[in-house]
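Undergrad: Residue numbers (my numbering), protein chains in the order written: chain A, -5 to 166; chain B, 38 to 835.
Treat the hints as calculated values from the structure; they're not laboratory data. Quick caveat, the model's predicted, so the values are computed rather than measured. Yeah, the Cβ is synthetic: ideal placement off N, Cα and C, and Gly gets one too. Hints are not guaranteed to be accurate.
Unchecked claim - Partial chain A-side listing against chain B, Cβ under 10 Å, derived: (1) Gly4; (2) Pro6; (3) Arg64; (4) Ser65; (5) Glu70; (6) Cys93.
Stated by the list, open to error - Taking lysine to aspartate or glutamate and the DMTMM-like style, the derived pairs with C-alpha atoms no more than 20 Å apart in a straight line are: (7) B:Lys133 x B:Asp61; (8) B:Lys46 x A:Glu(-3); (9) B:Lys91 x B:Glu160; (10) B:Lys46 x A:Glu76; (11) B:Lys133 x B:Glu219; (12) B:Lys46 x A:Asp77; (13) B:Lys133 x B:Asp178; (14) B:Lys91 x B:Asp104; (15) B:Lys586 x B:Asp655.
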Amino acid sequence: MREIALLVNGEPVSVEVDPREHLADVLRDRLGLTGTHKACEQGACGACTVHLDGTPVLSCLLFAVQADNRSVTTVEGVGTTEDLAPIQRALSERHGLQCGFCTPGMIMQALDVVGRANGGLTPERVRHEMSGNLCRCTGYVSIVDAVLDAAAESSSVAAVPDNEPTQAEVSG
Amino acid sequence: MIGERVTRKEDVRFLTGAGRYLADLRPAGLKHAAILRSPVAHARVNGIDTTAAKALPGVVAVFTAADLKEHSRPLSHRLAVPGIRPLEWYCLADEKVRYVGEPLAVVVAESRYVAEDALELIELDLDELDVVTDVRASLGDDGEESAPLLFEEWGDNVFYAGGFANGDFDAAVARADGVLRETIAHHRIVGLPLEGHGACGHFDRTRGELLLYSSNQQPHNLRTVVADVTALPLEKVRVIAPDMGGGFGNKQHFHREELLIAVVATLVPDPVTWSADRSESLTGSVQSRQQEHDVEVAYRSDGRVLGVRTHVIADLGSPTLYFSSIGPALITTSMLPGTYDIEAFEYRLTGVATNKPPMGAYRGFGQPQANFTIERVMDLVADATGVDPADVRRRNMVPDAPRPYFSATGNRYDTPSFHEQMEVLLDELDYPAVRRDQEEARREGRLVGVGLANLVECSTANLFGFCSQFGGYEMASVVVQPNGHVSINCGTKSQGQGHQTIYAQIAADVLTIPMSAIDVSDGDTALLPHGMGTWGSRSATAGGGVVLKGTRQIRDKMTAIAAHMLRVDGEEVELSEGTFSAGAGRVTFAEVAHAAYLQTFLLPPGMDPGLATIASLDPGLADPFPDATGRMNAGSTFSTAAAAAVVEIDAGTGQVVIRSFRIVHDCGTVINPLLLDGQIQGGFAQALGAVLLEEVVHDAQGQPLTSTLLDYLIPSFSDVPRVHTHHREHPSELLGGFRGAGEATTICGPSAIANAVHDALGPLGVRVLQTNLSSRSIREMIRSAGVKPDPFARALAS
Ligand code: FES
Ligand code: FES
């Protein structure tokens, strides 16, 4: 066992971990932050996405010791029941979640995509940059809409119209 | 509120990471289980040595079948239909293993890490046996010597054999201008909810009570099975299904693993949890859809189909599953006639055991296969006769009157006009223009195709005849609290569909109070005597219906109280916006609730205090069993749709690109269009995956080759276009007018896509006779049509 120091959602914590423990397991099992989900533990689904020093990472592929002395943000650090972040509100308004199992990972990835957008987000770019996150329920378009809404809100650029067909752009 | 696009009550907890899924539950003292699974597809189990595993520090217990036999009863499929083999099995395999991934032993340890370490220390002594993975080989139809037997006592590998005939197929052949004979292959896929299944059990010894959390779509029916397997009294077993990360039918079964955790929990002092990891869920859990259909079709030269005869051969894998792995195939045969009026209709159904994981439910429950075959048949007839596929459908569609219409297999269609629905679709699609564009594309050497599919979807079955020990009814408790807030608990179980929201909408309409004052819960057997869970598009119809019924009962009692408080007759009282009024007199919903509990002197003489009811509702109409002729109405009501896909195919890579997908859909009264669109779009993604991307592959030795999400590909962000949806609302006869909405695109999407692919590849002489339309399959089909090396040139020349 080894003690590591983390800044988790802005709070300093120190925690004893087994060197082979994944960051996802430490967040969930030792810190009780079960909002970070595991759906593959093989780096293939994005459900476990958290931010490490502000950058999205797959917490199922990192050992917790690799996060020593670094800052970790999980979905629990994004918005609260009373004060949802724009992406969280947009996901609800667009029905961008059904079972919600992929949702925390989607939110963490989308925050990064929106943060880097600079007003230049298109549906294709959202689809491209979110493509490491899998959802089995929604069929994705409502999530794309939500990310664009959140981006529009943060850059106050007009949102993309509701029913803009995306077939050709997506698949072409 | 019914009909409004309201956002979901459940969203906030999921958005903030506050959902509580199975693996998030942390009772004090929790121990973790890991399951040792068979590394081979067929073997006799001589022995399992767990000594070293037990000695590993951190290991609490290790169990094999031999250890558990005296503490548990066997499982069985409980199905008493003629033609089925009796079969019993245990949570852990005992004498034989029959597929890679079959559970053999379980370790309970302080952490999952340690439990998995211990698995590696277990010594297996297995005598490997010959393996059979193909249904024809398993039946001995491949000309080989006799196939290895999964269950020696049967003498063959046939788990189920049945048949049905309506009308005279041979006479239809005699009258026909032509007869098609084809085999259509439906490949094996998995439902793959993002959260795999799992269970967490704790046995309270002093009270003799077992609490089992399980990610299961039918908590009450699971409780019945758990009580049987553990030999505990039913009332001492409580099952709670927490938040679920999807289900799609995969979590509708009573899996060996959740029963195993129940049994193990009775044997160790602490709570025990287990969640399937992705590889376990991809290789050792239920899989779906695999069937072969040998079809014969007698048709006239004008495109009219006079008769269809099918032999459905269902690849059941090892049918050690309750409810039974034959269930979906029974629905396949029942729904094969689809929206078409086919007088001479015969089928044989053979359910065959192979050395693969059990066949089970996946969204559509056998209906995607039925729809695919009959819709393929329509297009093959169009090809053979030169009649346009839309005209073939017009000539064969079930006529508009009378209603209800009884299909050849006995299904009672309470639907609106199929003709009109398809014409709406063709209009919106501008079918002639699409055909002109296709001609244009073909001249440019591009492979563009359009495919149609019509859907009639069986909803709200009761499943006695398919699964035994079920009902078609639903229960819900409705409680108005003393403060006027409402608590509803329903026997259905949401896996993401948004039941909290739609039931609150229904209740809000009846009670005229805000949705925020209505709390909806589900999934706890302690809160309701029984419930049937969520499957088969039944939650809006049976669940929504019972919520409507229960809230009306409560409203009527409150109206009587209000009338007494206002000193008027009940008929004079109106309820709106949370206020009962009669003339100038007013009393609020909350005041009536308060009176019902805390000022009972205000109640009419003789009325019992309190505002609570447990309502139950059987939508009826669905037959529990087939009649003497084999006919059976499988659904209480039927939803309908007409869909069209336009695709373009790259002949070099075999990649299919969906240019557009359009559906005209009718699920009766729409409760929430926002959520309904989500069901349509999400179902479409699964349809697209089912034909273009997903495939469970086993090698000849039964070894799974698709054990991670890197080799089993589900649709991702860049694969799924937006569906164009048009909802029409023809209310059903059921309470609320609902028809059920969860499965339309999953059922008819693959058919429409495949028909479009067939149409696109027509110039190359390719005929689509399989559901697997992955790039690799398309390239193979093009190659075996003799097109090479430049398929483009051939297309141009045609
Ligand atoms: S759980 Fe980490 S990528 Fe799937
Ligand atoms: S909402 Fe269920 S997996 Fe995305």
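Undergrad: A separate judgement is required for each hint: does it hold in the structure or not?
TA: Structure-based check of each hint:
1. Gly4: At 15 Å from the nearest chain B Cβ, glycine 4 of chain A fails the 10 Å test, so the hint is violated.
2. Pro6: The hint is violated - proline 6 of chain A has no Cβ within 10 Å of chain B, the shortest such distance being about 20 Å.
3. Arg64: 20 Å, violated
4. Ser65: Check failed: Cβ of serine 65 of chain A comes no nearer than 17 Å to chain B, outside 10 Å.
5. Glu70: 5 Å, holds
6. Cys93: Hint on cysteine 93 of chain A: holds, closest Cβ of chain B at ~3 Å, below 10 Å.
7. B:Lys133 x B:Asp61: 35 Å, violated
8. B:Lys46 x A:Glu(-3): Judged against 20 Å, a Cα distance of about 40 Å means the pair is violated.
9. B:Lys91 x B:Glu160: 12 Å, holds
10. B:Lys46 x A:Glu76: The given pair, whose Cα atoms are some 14 Å apart, holds under the 20 Å limit.
11. B:Lys133 x B:Glu219: Outside the cut-off at roughly 37 Å; violated.
12. B:Lys46 x A:Asp77: Judged against 20 Å, a Cα distance of about 15 Å means the pair holds.
13. B:Lys133 x B:Asp178: 25 Å, violated
14. B:Lys91 x B:Asp104: Between lysine 91 of chain B and aspartate 104 of chain B the Cα gap is close to 13 Å, so the pair holds against 20 Å.
15. B:Lys586 x B:Asp655: The given pair, whose Cα atoms are some 11 Å apart, holds under the 20 Å limit.
Violated hints, in rising order: 1, 2, 3, 4, 7, 8, 11 and 13; the structure is consistent with all others.
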